[in-house]
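A.B. asks: Below are the chains, spelled out letter by letter.
Number of protein chains: 4
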Amino acid sequence: MRQPRTTRTRNAEDSKERILRAATKLFAKSGFDGARVDEIAKAAKINKQLIYHHFGNKDKLFTAVLEQAYRSIREQEAALDLSGLHADEAVLSLVEFTWKYYLANPDFIRLLNSENQLEARHLKGSPNTRSINKSHMVLMESLIARGKKEKRIRPDLEPMQLSINISALGFFYLMNRHTLSTVFERDLTSPRHLAKRLEGMKDLISRWIRP
Amino acid sequence: MRQPRTTRTRNAEDSKERILRAATKLFAKSGFDGARVDEIAKAAKINKQLIYHHFGNKDKLFTAVLEQAYRSIREQEAALDLSGLHADEAVLSLVEFTWKYYLANPDFIRLLNSENQLEARHLKGSPNTRSINKSHMVLMESLIARGKKEKRIRPDLEPMQLSINISALGFFYLMNRHTLSTVFERDLTSPRHLAKRLEGMKDLISRWIRP
Amino acid sequence: MRQPRTTRTRNAEDSKERILRAATKLFAKSGFDGARVDEIAKAAKINKQLIYHHFGNKDKLFTAVLEQAYRSIREQEAALDLSGLHADEAVLSLVEFTWKYYLANPDFIRLLNSENQLEARHLKGSPNTRSINKSHMVLMESLIARGKKEKRIRPDLEPMQLSINISALGFFYLMNRHTLSTVFERDLTSPRHLAKRLEGMKDLISRWIRP
Amino acid sequence: MRQPRTTRTRNAEDSKERILRAATKLFAKSGFDGARVDEIAKAAKINKQLIYHHFGNKDKLFTAVLEQAYRSIREQEAALDLSGLHADEAVLSLVEFTWKYYLANPDFIRLLNSENQLEARHLKGSPNTRSINKSHMVLMESLIARGKKEKRIRPDLEPMQLSINISALGFFYLMNRHTLSTVFERDLTSPRHLAKRLEGMKDLISRWIRP
DNA sequence: GATGAATGAGCCTTCATTCAT
DNA sequence: AATGAATGAAGGCTCATTCAT
Numbered sequence: 001m002r003q004p005r006t007t008r009t010r011n012a013e014d015s016k017e018r019i020l021r022a023a024t025k026l027f028a029k030s031g032f033d034g035a036r037v038d039e040i041a042k043a044a045k046i047n048k049q050l051i052y053h054h055f056g057n058k059d060k061l062f063t064a065v066l067e068q069a070y071r072s073i074r075e076q077e078a079a080l081d082l083s084g085l086h087a088d089e090a091v092l093s094l095v096e097f098t099w100k101y102y103l104a105n106p107d108f109i110r111l112l113n114s115e116n117q118l119e120a121r122h123l124k125g126s127p128n129t130r131s132i133n134k135s136h137m138v139l140m141e142s143l144i145a146r147g148k149k150e151k152r153i154r155p156d157l158e159p160m161q162l163s164i165n166i167s168a169l170g171f172f173y174l175m176n177r178h179t180l181s182t183v184f185e186r187d188l189t190s191p192r193h194l195a196k197r198l199e200g201m202k203d204l205i206s207r208w209i210r211p
Numbered sequence: 001m002r003q004p005r006t007t008r009t010r011n012a013e014d015s016k017e018r019i020l021r022a023a024t025k026l027f028a029k030s031g032f033d034g035a036r037v038d039e040i041a042k043a044a045k046i047n048k049q050l051i052y053h054h055f056g057n058k059d060k061l062f063t064a065v066l067e068q069a070y071r072s073i074r075e076q077e078a079a080l081d082l083s084g085l086h087a088d089e090a091v092l093s094l095v096e097f098t099w100k101y102y103l104a105n106p107d108f109i110r111l112l113n114s115e116n117q118l119e120a121r122h123l124k125g126s127p128n129t130r131s132i133n134k135s136h137m138v139l140m141e142s143l144i145a146r147g148k149k150e151k152r153i154r155p156d157l158e159p160m161q162l163s164i165n166i167s168a169l170g171f172f173y174l175m176n177r178h179t180l181s182t183v184f185e186r187d188l189t190s191p192r193h194l195a196k197r198l199e200g201m202k203d204l205i206s207r208w209i210r211p
Numbered sequence: 001m002r003q004p005r006t007t008r009t010r011n012a013e014d015s016k017e018r019i020l021r022a023a024t025k026l027f028a029k030s031g032f033d034g035a036r037v038d039e040i041a042k043a044a045k046i047n048k049q050l051i052y053h054h055f056g057n058k059d060k061l062f063t064a065v066l067e068q069a070y071r072s073i074r075e076q077e078a079a080l081d082l083s084g085l086h087a088d089e090a091v092l093s094l095v096e097f098t099w100k101y102y103l104a105n106p107d108f109i110r111l112l113n114s115e116n117q118l119e120a121r122h123l124k125g126s127p128n129t130r131s132i133n134k135s136h137m138v139l140m141e142s143l144i145a146r147g148k149k150e151k152r153i154r155p156d157l158e159p160m161q162l163s164i165n166i167s168a169l170g171f172f173y174l175m176n177r178h179t180l181s182t183v184f185e186r187d188l189t190s191p192r193h194l195a196k197r198l199e200g201m202k203d204l205i206s207r208w209i210r211p
Numbered sequence: 001m002r003q004p005r006t007t008r009t010r011n012a013e014d015s016k017e018r019i020l021r022a023a024t025k026l027f028a029k030s031g032f033d034g035a036r037v038d039e040i041a042k043a044a045k046i047n048k049q050l051i052y053h054h055f056g057n058k059d060k061l062f063t064a065v066l067e068q069a070y071r072s073i074r075e076q077e078a079a080l081d082l083s084g085l086h087a088d089e090a091v092l093s094l095v096e097f098t099w100k101y102y103l104a105n106p107d108f109i110r111l112l113n114s115e116n117q118l119e120a121r122h123l124k125g126s127p128n129t130r131s132i133n134k135s136h137m138v139l140m141e142s143l144i145a146r147g148k149k150e151k152r153i154r155p156d157l158e159p160m161q162l163s164i165n166i167s168a169l170g171f172f173y174l175m176n177r178h179t180l181s182t183v184f185e186r187d188l189t190s191p192r193h194l195a196k197r198l199e200g201m202k203d204l205i206s207r208w209i210r211p
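Chains as they are written, first to last, in the working numbering: chain A, 1 to 211; chain B, 1 to 211; chain C, 1 to 211; chain D, 1 to 211.
Since the hints were derived computationally from the structure, they do not count as laboratory data.
For clarity, every value in this text was computed on a predicted model and none was experimentally measured.
Among the clues, some could well be false.
You can't tell identical chains apart in this list, so a pair holds if it fits in one copy or across any two.
Capping the alpha-carbon separation at 27 Å, the derived lysine-lysine pairs in DSSO-like fashion look like this [unchecked claim]:
no.: 1; residue 1: Lys134; residue 2: Lys151
no.: 2; residue 1: Lys124; residue 2: Lys134
no.: 3; residue 1: Lys16; residue 2: Lys134
no.: 4; residue 1: Lys202; residue 2: Lys60
no.: 5; residue 1: Lys60; residue 2: Lys45
no.: 6; residue 1: Lys148; residue 2: Lys196
no.: 7; residue 1: Lys196; residue 2: Lys124
no.: 8; residue 1: Lys196; residue 2: Lys149
no.: 9; residue 1: Lys196; residue 2: Lys134
no.: 10; residue 1: Lys202; residue 2: Lys48
no.: 11; residue 1: Lys29; residue 2: Lys124
Construct all of the structure, not just a fragment, from the sequences and the given hints.
C.D. replies: Put into structure tokens, the structure is as follows:
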């Protein structure tokens, strides 16, 4: 006979979410190596052992954080309504979305940065990642296909290169803003510089994708 | 002609260099947090305490490594002979140089990556960095000035944006090659893909800088 | 009647006590700087990290040790029954108690000695110390007040000076016994010398406090 | 054939003295364990190895410091002219001298304190100490002898007890001033408290030594 | 006599993880 | 599900001392 559970139980789902939120913040702040399991537990206001209970270990926790981060950006991206736009305009719209997403979610860049330093060892073990990014690939391909038909996108454009370039220009700028600000002796994150950067990127991409 | 050094007392210069070389390798491999002073000492085949004797602490050692890394790329860049080329060709030549430098010196990307994760805290405390990057800034400016005179570079191009874009496209691709390879399910570092990427970047930059 | 403790989860209280006991011994033996956290852990038969888990760091551990030491002597002092004695006799009784406490608890002297070398930096950060010593101050004051009424203690005697002199004569003798034994070429800790010292101190104090 | 020494030689005696001065200061400040050979070398503005060259090791250096400290107080004490005073007055004069010496040379107390914590291990190995303290013993004995003849000092007073008590009252007060100030919640080192303490000690000793 | 380079051992502290309840 | 206690293995850094010149 199963013993009647006392109502003390705190809701596992809630705990997991709290852990995930705290872990995201701290992995983003300090990187995988720099973040401390203790800190995450404290920030999540749960017992440290619960992390191990729910996620197994630090690596698996990081993997979960990464997957969630990817899922989030891809979901928002998929929710964009680009149907009223010409393909080239849609691409520029995507440049803007991506840039703004990075700005609104600085954690995303830092998480990816850390993962890359680790040579994607978590992502490589995650079978979910590909399916998560599937929608993104489909989007790239369909935009290019549409653009070709519309004759507003050059026929030799490749989905992967497009995707990478859209990310690269904004990602690099934001990720390296600290070293760049030091080298160039100005604050790259001022509103003026940010606005200018977005314009510059759109200009660049637009010249590049035209037939 | 420089005087031949008498075999200096247990050769401090040599030790420092060995430490620096080992530190570069290991900081690049594991990042600042991930690298271990013990490992660096072992790799440099010197006693751990010697690192502290010569460099003070792990942070100062990392700063020295970073400065040397910047000095190296800037020296090679400054050594390029771009005088026989039109300004736009020179820019493309620079794209190629930068890309090839990244490929030949994968440590550079990883070091910068780690430093950015730390919000450039070492660079910010290093007064040498700016002077080291001075030549680069001068180069950007002079190329643009020349290009405008030659009417081969659009008049509204800014040195910093040019510099950043030249770096961004290659840097992002290489730095994120592990996550991207996973997401796009192909090996981005195959010779074929690398060659294609260089062509793509030159094409993109060339379309962007033209008047 | 206290409730019997259910065998508490791996008994934290017991661990803390074991640590405290070992720390007292080793801090007394080697002083704050000389004592090793490793040794303390080993002597307490617990894992070193547990010290940090329970006490935070070496300084906080030393503070805890000091507080306990003060608490111990003050508790025993407070337990003395001096009510049947005249005030001057009570003071002499206190001289004897103090001396015997020092002899029975050589750690106490050595701990205070170390703390004084550190300019009381632990005590200064401990808000408990004053309350712990409160009972002692009250005792001094009440004895003097009583003695004045009884006309067996001179009216100009001050509590602090009384307290200090009672401690000083025994404390100095015992603390410096090693250097003094060397200088005076005899063993100050032989039973004969100890007995003589106690008599001498009582004589000295008794002459001093009489009206 | 010996090579002619260049005049570069810096005067060994001067170096030794500089080392000794720096060592006294730092051993007093931090105790034997707490003081660092590096710091001493730096404070003495000489090369660290020179300390080993001149003194052998840290322990021997500490021994030298201790011996010098004893020599200094005994020399000044021996230089006192007590001939014009009655023996009891001379003793009080000695109480005052000792107190003032402690105040003017706080290092002395701290050095002895550290040495006592180490159970006089340096002094025990130093054959010089006894001869250095010889004059002090002689002084004690002669004062008591004189006092007895003069009938101004009680006949049962012992030289060692006299010596110890003269030291103890001032030494304890000053050495423990940090802990005492905390416990008694007042500044024991204020001029007023210091003056009062001296008077108190003279009063106490004077009552004690009278026949 | 004097110096800077070099070292082995060890110190305090921290970390991810597991145990016992 | 949830918790606090407990641990083995480092990790950065320091210390007294010695080497080589």
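A.B. asks: Hint by hint, which ones does the structure fall short of?
C.D. replies: Going through the list in order, the structure violates hints 4, 10 and respects the others.
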